[in-house]
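Enquirer: Using the hints provided, position chain B relative to the given structure of chain A.
Sequence lines, in order, name chains A and B. Counting in the numbering used here, the first sequence runs from 1 upward without gaps. Counting in the numbering used here, the second sequence runs from 1 upward without gaps.
There could be a bad hint or two in this list.
Restricting the straight-line Cα-Cα distance to at most 30 Å, the calculated cross-link-like pairs of lysine-lysine (DSS-like) are [unchecked claim]: (1) B:LYS165 with A:LYS96; (2) A:LYS10 with A:LYS96; (3) A:LYS13 with A:LYS99; (4) B:LYS71 with A:LYS10; (5) B:LYS165 with B:LYS66; (6) B:LYS165 with A:LYS99; (7) A:LYS96 with A:LYS13; (8) B:LYS66 with A:LYS96; (9) A:LYS96 with B:LYS69; (10) A:LYS13 with B:LYS165; (11) B:LYS165 with B:LYS71; (12) A:LYS99 with B:LYS66; (13) A:LYS96 with B:LYS71; (14) A:LYS99 with A:LYS10; (15) B:LYS69 with A:LYS99; (16) B:LYS165 with B:LYS69; (17) A:LYS99 with A:LYS14; (18) A:LYS96 with A:LYS14; (19) A:LYS99 with B:LYS71; (20) B:LYS165 with A:LYS10; (21) A:LYS14 with B:LYS165.
For each label pair, taking beta carbons as the anchor points, the in silico distance ranges come out as [what the hints assert, rightly or not]: (22) B:GLN10 with A:TRP61: 48 to 56 Å; (23) A:ASP103 with B:LEU195: 53 to 61 Å; (24) A:THR82 with B:LEU195: 31 to 39 Å; (25) B:LEU205 with A:LYS99: 49 to 57 Å; (26) A:GLU71 with B:THR202: 40 to 48 Å; (27) A:ASN100 with B:LYS66: 28 to 36 Å; (28) A:THR82 with B:LEU43: 34 to 42 Å; (29) A:GLN9 with B:LYS69: 29 to 37 Å; (30) A:ILE15 with B:LEU159: 24 to 32 Å; (31) A:THR52 with B:LYS69: 47 to 55 Å; (32) A:GLU48 with B:ILE59: 32 to 40 Å.
Since the hints were derived computationally from the structure, they do not count as laboratory data. As the structure is a computational prediction, the values presented were derived from the model and not from experiment. Glycine residues also receive a C-beta, built at the ideal position from the N, C-alpha and C atoms.
Spelled out from the first residue to the last, the chains are:
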Amino acid sequence: MTTDTPNPQKFSKKIYIIGTVLILILVAMPLLTIRNADFGGTDDLASETIETLAPDYNYKWITNWWAPESETESALFALQATAGGLLIGYAAGYWKGRKNRAD
Amino acid sequence: MTTFKPRWRQIGAALLAVMLLFANQTVWAKPAQMHIMEGFLPLGWAIFWWAVAIPFWVIGFIQIRKILKEKPEQRLMLGMAGGFIFILSALKIPSVTGSSSHPTGTGLGVMLFGPFVVTILGTIALIFQALLLAHGGISTLGANSVSMAIGGPLIAYYLVWLPLKGRVPAWANAFLTAFVADLMTYVITSTQLALAFPNPQTGVLGSWLTFAGIFAVTQLPLAIAEGILIVLIFNFLQNNAETELRELGLESI
Numbered sequence: 001m002t003t004d005t006p007n008p009q010k011f012s013k014k015i016y017i018i019g020t021v022l023i024l025i026l027v028a029m030p031l032l033t034i035r036n037a038d039f040g041g042t043d044d045l046a047s048e049t050i051e052t053l054a055p056d057y058n059y060k061w062i063t064n065w066w067a068p069e070s071e072t073e074s075a076l077f078a079l080q081a082t083a084g085g086l087l088i089g090y091a092a093g094y095w096k097g098r099k100n101r102a103d
Numbered sequence: 001m002t003t004f005k006p007r008w009r010q011i012g013a014a015l016l017a018v019m020l021l022f023a024n025q026t027v028w029a030k031p032a033q034m035h036i037m038e039g040f041l042p043l044g045w046a047i048f049w050w051a052v053a054i055p056f057w058v059i060g061f062i063q064i065r066k067i068l069k070e071k072p073e074q075r076l077m078l079g080m081a082g083g084f085i086f087i088l089s090a091l092k093i094p095s096v097t098g099s100s101s102h103p104t105g106t107g108l109g110v111m112l113f114g115p116f117v118v119t120i121l122g123t124i125a126l127i128f129q130a131l132l133l134a135h136g137g138i139s140t141l142g143a144n145s146v147s148m149a150i151g152g153p154l155i156a157y158y159l160v161w162l163p164l165k166g167r168v169p170a171w172a173n174a175f176l177t178a179f180v181a182d183l184m185t186y187v188i189t190s191t192q193l194a195l196a197f198p199n200p201q202t203g204v205l206g207s208w209l210t211f212a213g214i215f216a217v218t219q220l221p222l223a224i225a226e227g228i229l230i231v232l233i234f235n236f237l238q239n240n241a242e243t244e245l246r247e248l249g250l251e252s253i
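The following block holds chain A by itself, in its conformation from the complex (with noise of 0.2 Å):
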């Protein structure tokens, strides 16, 4: 089923596999390595920077209308996670069960 495919590019599912090896290392890596660092995001750098080159700027001058605290910001981003994932499930899923189907 998988074998007389026409496409001539598709990957083995060595290449698949070996692919998500090599993405879950670059993405552990640091977490291993650098054991009790503060991941604390990009952000609070640039804005130390920002505070360094401009004392004077009033970042406040508008503010988040809502900031959720941190259990509930946890939830939110993984409700953008799922839904996003919903859409390339429902898609993928589609597709396979159609070429399952045509095979």
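Expert: For chain B alone, coordinates are given in the frame of chain A:
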């Protein structure tokens, strides 16, 4: 049907590995704030970047409407490209310098639909984050759109995807396009911050080097990871959504 089983086992194992990795860590604990935060651009610059962004939003909106009208079967593909931006820009991932940033996910949409459609897809994600997550902001929405949803995709499309199309293997082009779209986003962000906050001694350039040093360097490994992911997804599409890709003129690249 039995051929399904080993594949599902592999997918399951991969998912489990990802979950274990994330469960152990505090990646979700703090918000990702790769975009310029609310208030961190002076009013003049905020208005300027809004003005730059608006024409692109209009073109993108017209193009999306045209696609939905003339090629309604591309709705799923649009959802795929948009979903990819949504999920990737929600993932705060640690990067090598001990700080973290997040990928943009715009490369896939650039390859499938071109940069203007991505303008809309990316801005939707930015609005969601600005309104509900205090990540980015409304005053800085124009600037953040110009970097993530407009500039990065435009540069990736016209300087990488189009010139290389048909000349290099599709996977290599997909990788470079995603890589450049991701990286350019942060180069542009650095430029926007440097223009607004030039260094009193070394000027805009000195300031730019400081910001680019902060952003682009933490972004490099992520841009590579995002590039690999998009290569895999694009290959999946080439094998399972041939009809849709043919309609988009991407069948034989």
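Enquirer: Does each hint fit the structure? Answer for all of them.
Expert: Taking the hints in turn, this is what the structure says about them:
| no. | hint | result |
| --- | --- | --- |
| 1 | B:LYS165 with A:LYS96 | holds, 26 Å |
| 2 | A:LYS10 with A:LYS96 | holds, 14 Å |
| 3 | A:LYS13 with A:LYS99 | holds, 17 Å |
| 4 | B:LYS71 with A:LYS10 | holds, 26 Å |
| 5 | B:LYS165 with B:LYS66 | holds, 24 Å |
| 6 | B:LYS165 with A:LYS99 | holds, 26 Å |
| 7 | A:LYS96 with A:LYS13 | holds, 15 Å |
| 8 | B:LYS66 with A:LYS96 | holds, 27 Å |
| 9 | A:LYS96 with B:LYS69 | holds, 25 Å |
| 10 | A:LYS13 with B:LYS165 | holds, 25 Å |
| 11 | B:LYS165 with B:LYS71 | holds, 23 Å |
| 12 | A:LYS99 with B:LYS66 | holds, 27 Å |
| 13 | A:LYS96 with B:LYS71 | holds, 20 Å |
| 14 | A:LYS99 with A:LYS10 | holds, 14 Å |
| 15 | B:LYS69 with A:LYS99 | holds, 25 Å |
| 16 | B:LYS165 with B:LYS69 | holds, 27 Å |
| 17 | A:LYS99 with A:LYS14 | holds, 21 Å |
| 18 | A:LYS96 with A:LYS14 | holds, 19 Å |
| 19 | A:LYS99 with B:LYS71 | holds, 20 Å |
| 20 | B:LYS165 with A:LYS10 | holds, 18 Å |
| 21 | A:LYS14 with B:LYS165 | holds, 26 Å |
| 22 | B:GLN10 with A:TRP61: 48 to 56 Å | holds, 52 Å |
| 23 | A:ASP103 with B:LEU195: 53 to 61 Å | holds, 55 Å |
| 24 | A:THR82 with B:LEU195: 31 to 39 Å | holds, 36 Å |
| 25 | B:LEU205 with A:LYS99: 49 to 57 Å | holds, 52 Å |
| 26 | A:GLU71 with B:THR202: 40 to 48 Å | holds, 42 Å |
| 27 | A:ASN100 with B:LYS66: 28 to 36 Å | holds, 32 Å |
| 28 | A:THR82 with B:LEU43: 34 to 42 Å | holds, 36 Å |
| 29 | A:GLN9 with B:LYS69: 29 to 37 Å | holds, 31 Å |
| 30 | A:ILE15 with B:LEU159: 24 to 32 Å | holds, 27 Å |
| 31 | A:THR52 with B:LYS69: 47 to 55 Å | holds, 51 Å |
| 32 | A:GLU48 with B:ILE59: 32 to 40 Å | holds, 37 Å |
Violated hints: none; the structure is consistent with every hint.
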